[in-house]
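**Q** Sequence:
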Amino acid sequence: MKIVKNFIPPTESTPFNPAKAIEIPAGGTRHMMMNGMGGESFGVRKILPYAADMNKVLVSARLNEDLYLFRDLQLSVVHQLFRHIDGLLAPFIIQKSNSLVFELTNTHNAAQTVNIQLVGYDHYSLTKLINIYADIGSPMPQPRFLYGQAALAPGAVNIDMGVKAKSIDVEARRLAMSSDRPGDITASLKVYNTTIRNEVYLEQINDEFGQFYANVPFIIGSNMPFQVYASNKGAQQAGVSFLCESYVVQKSDMNPLEV
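So for the sequence shown, the working numbering puts the first residue at 1; every next one is plus one.
Think of the hints as simulated: they come from the structure by calculation, not from any bench. The structure presented is a predicted model; accordingly, all values stated were derived computationally and were not measured. Worth double-checking, as some hints may not be accurate.
In silico DSSO-like pairs for lysine-lysine, Cα to Cα no more than 30 Å straight-line [claimed, not checked]:
1. Lys-2 - Lys-96
2. Lys-5 - Lys-56
3. Lys-20 - Lys-128
4. Lys-233 - Lys-96
Label-pair restraints from in silico Cβ distances [what the hints assert, rightly or not]:
5. Gln-236 - Glu-103: 37 to 47 Å
6. Ile-22 - Asn-109: 28 to 38 Å
7. Val-119 - Gln-236: 34 to 44 Å
In this text, a Cβ means the ideal position worked out from N, Cα and C, and glycines have one as well.
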């Protein structure tokens, strides 16, 4: 996978990053629709959400009407994945005259205001970036998200979080987890029965990947079992979410390069 580093936007590009806020009543669901300035295309590198209690907001994201990026996750896991990094290695694209729709459910017993900001490239920057990849003869990396969630009873051990592989090979680069019971949750990871991480605390996963990419990226093959197991060492039920930043494996990935 060739990655363009130190990209400089063109002079005609704008610093506009769309943001919206919406109030969601207790137990309610609302939809937030976002797109580029004037309905033009927009390349998203970061999703930055905020709410008073993000563990009690469930979020799904649907891109360009039909592609779900992720579904029914705690908003806090999205915040955790994006908060400390410059952005995705390459953006996912909201197409012209289309949108990124967030489906937000507030499970709190009080109303909450949710604000979401998208950080990325307007259509001028996006066009320049796409042209750079064309010039070096490489497709732009395509982000994909693997995700899962579970409700863990007190003392639950090795509960499968239901993470589904894609229908194409992807390379996992970063992981994030969240829970409404911090300090109680451990997790372990396997790909096709090969252990990727022994049991560690959720906080250790986030410490490892909060600001850094995987020391050794790993491939999750098409429809290959990717098992994320979570355990609850606490005395109360816990909600847990998992989100993985990955990229479609390209034929050129045998010879990775940064340019």
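**Q** If a hint holds in the structure, say so; if it does not, say that too.
**A** Consistency of the hints with the structure:
1. Lys-2 - Lys-96: Within the cut-off at roughly 25 Å; holds.
2. Lys-5 - Lys-56: Given pair Lys-5, Lys-56 is violated - Cα atoms ~36 Å apart, limit 30 Å.
3. Lys-20 - Lys-128: holds, 27 Å
4. Lys-233 - Lys-96: violated, 47 Å
5. Gln-236 - Glu-103: 37 to 47 Å: violated, 27 Å
6. Ile-22 - Asn-109: 28 to 38 Å: violated, 18 Å
7. Val-119 - Gln-236: 34 to 44 Å: At 35 Å between Cβs, range holds.
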